[in-house]
Amino acid sequence: MTPAPRPWALLAELTHGCPLHCPYCSNPLELTRRSAELTTDEWRDAMRQAGALGVVQTHLSGGEPLLRADLAEIVGAAAAAGLYTQLVTSGVGLTAARLAALTDAGLRSVQLSVQHADAAASDRIGGRRSFADKERAAAVVRDAGLPLGLNVVLHRANLDAVDALIDLAEDWGAERIELANTQFYGWALENRAALLPTRAQLDRARETVERRRRAGGPDLVWVVPDYFGGEPKPCMGGWGARSLTVAPDGTVLPCPVAAALPGLDPPSLRDHSLEWIWDRSAAFNAYRGTDWMRDPCRTCARRTADFGGCRCQAYALTGDAARTDPACALSPDHRLVRDLVDDGPGGAAGPVPDFVYRAPGAAPGRSGSASSPSDADHRA
Amino acid sequence: MNDWRPALVPAAMLRHDAVRDAELLLLPERVVVLSDTAAQILRLCDGDRDVSAIVGELEARYPGAPVAAEAPRFLDRVRGEGWLR
Ligand SMILES: C[S@@+](CC[C@H](N)C(=O)[O-])C[C@H]1O[C@@H](n2cnc3c(N)ncnc32)[C@H](O)[C@@H]1O
Ligand code: SF4
Ligand code: SF4
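These protein sequences, in sequence, are chains D and R.
Residue numbers for the first sequence follow this note's numbering, beginning at 59 and rising by one.
Residue numbers for the second sequence follow this note's numbering, beginning at 91 and rising by one.
The set of hints was computed from the structure by calculation and includes no laboratory data.
Quick reminder that beta carbons are idealized off the backbone N, C-alpha and C, glycines included.
So the derived label-pair ranges between C-beta atoms look like this:
id: 1; chain 1: R; residue 1: ARG105; chain 2: D; residue 2: GLU88; range: 34 to 44 Å
id: 2; chain 1: D; residue 1: SER331; chain 2: R; residue 2: ALA158; range: 49 to 59 Å
id: 3; chain 1: D; residue 1: ASP349; chain 2: R; residue 2: ALA158; range: 50 to 60 Å
id: 4; chain 1: R; residue 1: ASP166; chain 2: D; residue 2: GLY295; range: 29 to 39 Å
id: 5; chain 1: D; residue 1: ALA138; chain 2: R; residue 2: PRO100; range: 14 to 24 Å
id: 6; chain 1: D; residue 1: ASP221; chain 2: R; residue 2: ARG105; range: 33 to 43 Å
id: 7; chain 1: D; residue 1: GLY321; chain 2: R; residue 2: ALA97; range: 48 to 58 Å
id: 8; chain 1: R; residue 1: GLU149; chain 2: D; residue 2: ARG257; range: 54 to 64 Å
id: 9; chain 1: R; residue 1: ARG151; chain 2: D; residue 2: SER93; range: 53 to 63 Å
id: 10; chain 1: D; residue 1: GLY295; chain 2: R; residue 2: ARG139; range: 32 to 42 Å
id: 11; chain 1: R; residue 1: TRP94; chain 2: D; residue 2: ARG271; range: 22 to 32 Å
id: 12; chain 1: R; residue 1: GLU160; chain 2: D; residue 2: ASP349; range: 36 to 46 Å
id: 13; chain 1: R; residue 1: TRP94; chain 2: D; residue 2: ALA387; range: 40 to 50 Å
Reference listing, derived: stretches of chain R covered by chain D, where coverage requires no fewer than 3 residues with Cβ under 8 Å from a Cβ of chain D:
id: 14; region: 96 to 104
id: 15; region: 108 to 116
Turn these sequences into a full structure, and let the hints guide you.
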């Protein structure tokens, strides 16, 4: 086993609790209970270990990280470990006082998500009245002089609003806007038929992005919709190569959605050191490098550029995590995504279904199936 | 350029990485690995020194090096990236 390179980044999922109910949420269907979350001291120790291992940057995310009353202490521990800290938030609960405590603790930047440029549409997608909170949160961040990035997950219900979303980013004083076409994991996979856009929508949105890029304004990041392009994404910059995720209960994962892979048996910070997990655990070595690959990846010139795509997507679509990502046009399974996008919902596949909103127990086939948003998630 | 007093933008953080023995410029979504010289120049960008003061410091450290030509060009490039203001 050649020694693994040191990780650069830590995604810290501080909680799965969230006041919103986004149907596109990439969090797992099985949301971790608040009572199972790592304690303040455990997070402090995680940040210390991450810094010692070589991590230099952390995204404090979730769920909604602002639900953690000890967020400033966690930010402080990350800053003390030399990590660059960014808060990834829905904006709900981000008051000036709260932000001041976070910046005092060393917070460097904020990424705010918004669901649509129109308030009512944004609230409908998020499953809760929240647009006004987001607008206030953006102002609070700008007033504090912190860099503000906007993140919008794009899908059928908001792709036609890309122009207005870029205007919104300008109005709110964002330095960059990340237009992230939905990645189909967790709740998004559950809602795929409702979220998948048409090719025409995507083409128009892409043209808008190009036109707005030429016009200047905030930095525009377009995260490509991998179902449509025939090229897999270089998932996580390689498995166990650049970054790691700590889930709310201390489970450590090579990527935020890898908990869905059966048999991965991901290690926990409660049982092992971060260094052991990164270097030696079976989970982090399972798809490291290129030795695990089969054809067509094994002999493909692009294997060190895209790492065969995403393991979680290969599993979600084929039932086998070691296959080539079906998003790749060279994959023998590529027709699985081509069929979905060619005769997708709204076309040959029939009408577009309603959203299943994210909430504990809301996924079909699970206990207590609720189909409308509730605030149970918030209290969970 | 003459009255420009370069400073890192608030989003940027310059630090030494002891694990990799490297100089890094950290940004919200990026990590840039700097050469030692680049890091030295950026460390002088404190918002007080103007460009000629920065050049002066570097010339004192590296007598005979083509600092007067190269440092301002480097600073311009970094400003173009949006990391200096
Ligand atoms: C899971 S959220 C947690 C933080 C916070 N609740 C929020 O939504 O901003 C982390 C980031 O992932 C984005 N995101 C969520 N689901 C996604 C998906 N299916 N595809 C791509 N990005 C997604 C969110 O917009 C947010 O920027
Ligand atoms: S439901 Fe929405 S706001 Fe909450 S964690 Fe998921 S993406 Fe973020
Ligand atoms: S065959 Fe594998 S390595 Fe080649 S482009 Fe497709 S996913 Fe990437």
